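Enquirer: Let the hints inform the model, and build the full structure from the sequences given.
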Amino acid sequence: MSQERESLVGLLKQDVLYQEAVHACINCGTCTAICPAARFYDYDPRRLISDIQNVNEQELVEILKSDIIWYCGQCLSCKTRCPRNNVPGFLITALRSLSQDKGYFAASNEGNKQLTVKRIVGENIIKYGYCVFIDEIGTENHPEQGPVWEWYRNNADSILKKLGANYKGEGPGTLRRISKEDLDELYNILKETKALDRFDNIERYCND
Amino acid sequence: MIKQGKKNVWKEYQKEIPDDNYYYARSCIRQNFFPASETIFLRIIREVLGKTIYDDEHQTTCTGIAYHSDIVPFDTTMTVAARQFSLMNIASQKNFIISCVTSFGIYSEVMETWKHHPEILEKTREHLRNATGREFSSPEIIAHTSDIIFKYREQIKEKAKFLLVNKSTGKPLRVVEHIGCHYAKIFPEKGIGGAEFPYVLAGMVENWGGEVIDYPERRHCCGFGFRHYIIKENRGYSLSNTKLKFDSMEAYEPDFIITNCPGCTFFLDRWQYVIAEMEEKTYGKDGFGIPVLTYEEVAGLVLGWDPYSLGLQLHQVSVEPLLDKMGINYNENDKYLGNNNEDIGRPAFPFNLKVTKNKQNDD
Ligand code: SF4
Ligand code: SF4
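Protein chains in written order, with the numbering used here: chain A, 1 to 208; chain B, 1 to 363.
In case anyone wonders, no lab produced these hints; they're calculated from the structure.
These figures come from a predicted structure and were not determined experimentally.
It cannot be assumed that every hint is accurate.
Unchecked claim - Taking lysine-lysine pairs in the DSBU-like style, the calculated list, with each CA pair at most 30 Å apart, reads:
no.: 1; chain 1: B; residue 1: K357; chain 2: A; residue 2: K13
no.: 2; chain 1: B; residue 1: K51; chain 2: A; residue 2: K161
no.: 3; chain 1: B; residue 1: K232; chain 2: A; residue 2: K65
no.: 4; chain 1: B; residue 1: K115; chain 2: A; residue 2: K191
no.: 5; chain 1: B; residue 1: K123; chain 2: A; residue 2: K191
no.: 6; chain 1: A; residue 1: K191; chain 2: A; residue 2: K102
no.: 7; chain 1: A; residue 1: K161; chain 2: B; residue 2: K335
no.: 8; chain 1: B; residue 1: K232; chain 2: A; residue 2: K102
no.: 9; chain 1: A; residue 1: K102; chain 2: A; residue 2: K13
no.: 10; chain 1: B; residue 1: K335; chain 2: A; residue 2: K168
no.: 11; chain 1: A; residue 1: K161; chain 2: B; residue 2: K357
no.: 12; chain 1: A; residue 1: K194; chain 2: B; residue 2: K232
no.: 13; chain 1: A; residue 1: K161; chain 2: B; residue 2: K15
no.: 14; chain 1: A; residue 1: K168; chain 2: B; residue 2: K94
no.: 15; chain 1: B; residue 1: K123; chain 2: A; residue 2: K180
Unchecked claim - Derived list of chain B stretches under chain A, where covered just means 3 residues or more per stretch with a C-beta under 8 Å from a C-beta of chain A:
no.: 16; region: 31-38
no.: 17; region: 115-129
no.: 18; region: 181-191
no.: 19; region: 249-258
no.: 20; region: 303-314
no.: 21; region: 323-335
no.: 22; region: 341-347
Note that CB positions come from ideal geometry on N, CA and C, so glycine has one too.
Expert: The structure is reproduced here in structure tokens:
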């Protein structure tokens, strides 16, 4: 491998999401104008796309260590509107991947919060085969769920039967239990495609 | 004139929607938060439209939420998609229809990536083989399940018991349609009407007698934000974006909101409760909120199905003001009964948000 390919900049440019995301930016600012994250955070997708085009190694390290790459909400509104077919949202995905693979994410407050995401969504996927599952969603962590959710969870068997679901049952249907064989296949995919390596990285680098 | 212009714009985006023989890809969020909606969809497809649909017990999450919150690489998501396609092959199906809007964006992105990068498709095949021993071929067509209801909106109307019309005034109900961002913003050509003038929900609403409201923040995201919602400290991002939309739509006095994304339905429902409790601000009449419904629930009401068999009692914002306007009979005493009319109590009342016309306090 050439030195260019081994460099962080080289690795970033090999990511297909980077290749889809970055073309010549005309700095029109349309992305920033419509970006929900720019509305509520100190975040500017125009600036990021503009900066990344001729970023050097040291500058890229600073970006990978920063909070900036964690503010995007992945709505992808920017994909529709950019007149140059740039996609700040895809660039963000490429930067977050690189930041996590190399351990830089733990240097930022926002990056550290990946531990929460891994422990909730990552573990739900392994345990249930669903990314969210009613049994794990309590009103303590989710007060916005309101009293109706409390009542629903406390009476889940009765309510879900009434609504025709197959809650934790065998066979097909709403909220069915996913079999061990299917969960094993899913787990093997997580392993084969290095999602489990990323989970390990997140556990290793983040402050608990 | 302007409306005509918009209609012409959406006509440019006429996508192919399969007419029968579906493979059903379920949604984690829809199953958990609106657990009757997918059952309603299956009933409409099978009992109302007489079509066949395969509901597969072996499918899993698409990992879309993990991908967009960056805890799994794109390779993982592509390989999980490949596994779902392999299951579809085994079921001898070719029309892959998707309940979740996040998943719909995921499958669209995966298939576009494979189309433009055959070497990535080969790599995915290898991953799937190594992990599961499976082979696969891609679907002939993928569509969102709201596309199917849109396609058959007229057939549903022919069997309608109720229309989206205010029974006492005879006027069309005023409806906010909210389209999940990943339905058409990523690949506009894959959504009916494209990203700027999506017609998938507006088509249902107009066909069933309602009137669609245009408001300034109509295309703004509900604010899910993936990681931002999952992380408690960041959840204000989601709330703030939803509030922006409600402040923008309020003056147009919507009778209800219809959405095609289960996440959006959830946020637009629950954040109204939070805004009411935190700010004492409600967006409907007399202290109520604006009801927010999935398109399956709306179709079920139009077909005359019992509101509490549709799971409407699981919304935090009360839907009864909408039922009253449509002239739908209901007995509020039945609302919170369990299976076989079992008495399972009822949810506590919120402090500020009105959820019943009766006296509301828990003392
Ligand atoms: S909308 Fe596109 S061209 Fe304009 S500033 Fe953003 S990335 Fe650059
Ligand atoms: S995907 Fe991210 S950068 Fe693009 S508009 Fe949405 S929040 Fe902004």
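Enquirer: Are the hints correct? Go through all of them and say.
Expert: Quick rundown of the hints versus the structure:
{"no.": "1", "hint": "K357/B - K13/A", "verdict": "violated (60 Å)"}
{"no.": "2", "hint": "K51/B - K161/A", "verdict": "holds (25 Å)"}
{"no.": "3", "hint": "K232/B - K65/A", "verdict": "holds (22 Å)"}
{"no.": "4", "hint": "K115/B - K191/A", "verdict": "holds (25 Å)"}
{"no.": "5", "hint": "K123/B - K191/A", "verdict": "holds (15 Å)"}
{"no.": "6", "hint": "K191/A - K102/A", "verdict": "holds (18 Å)"}
{"no.": "7", "hint": "K161/A - K335/B", "verdict": "holds (15 Å)"}
{"no.": "8", "hint": "K232/B - K102/A", "verdict": "holds (26 Å)"}
{"no.": "9", "hint": "K102/A - K13/A", "verdict": "holds (15 Å)"}
{"no.": "10", "hint": "K335/B - K168/A", "verdict": "holds (24 Å)"}
{"no.": "11", "hint": "K161/A - K357/B", "verdict": "holds (28 Å)"}
{"no.": "12", "hint": "K194/A - K232/B", "verdict": "holds (27 Å)"}
{"no.": "13", "hint": "K161/A - K15/B", "verdict": "violated (37 Å)"}
{"no.": "14", "hint": "K168/A - K94/B", "verdict": "holds (28 Å)"}
{"no.": "15", "hint": "K123/B - K180/A", "verdict": "holds (26 Å)"}
{"no.": "16", "hint": "31-38", "verdict": "holds (count 5)"}
{"no.": "17", "hint": "115-129", "verdict": "holds (count 4)"}
{"no.": "18", "hint": "181-191", "verdict": "holds (count 6)"}
{"no.": "19", "hint": "249-258", "verdict": "violated (count 0)"}
{"no.": "20", "hint": "303-314", "verdict": "holds (count 4)"}
{"no.": "21", "hint": "323-335", "verdict": "violated (count 0)"}
{"no.": "22", "hint": "341-347", "verdict": "holds (count 5)"}
In the structure shown, a violation is registered for the earlier hints numbered 1, 13, 19 and 21, in ascending order.
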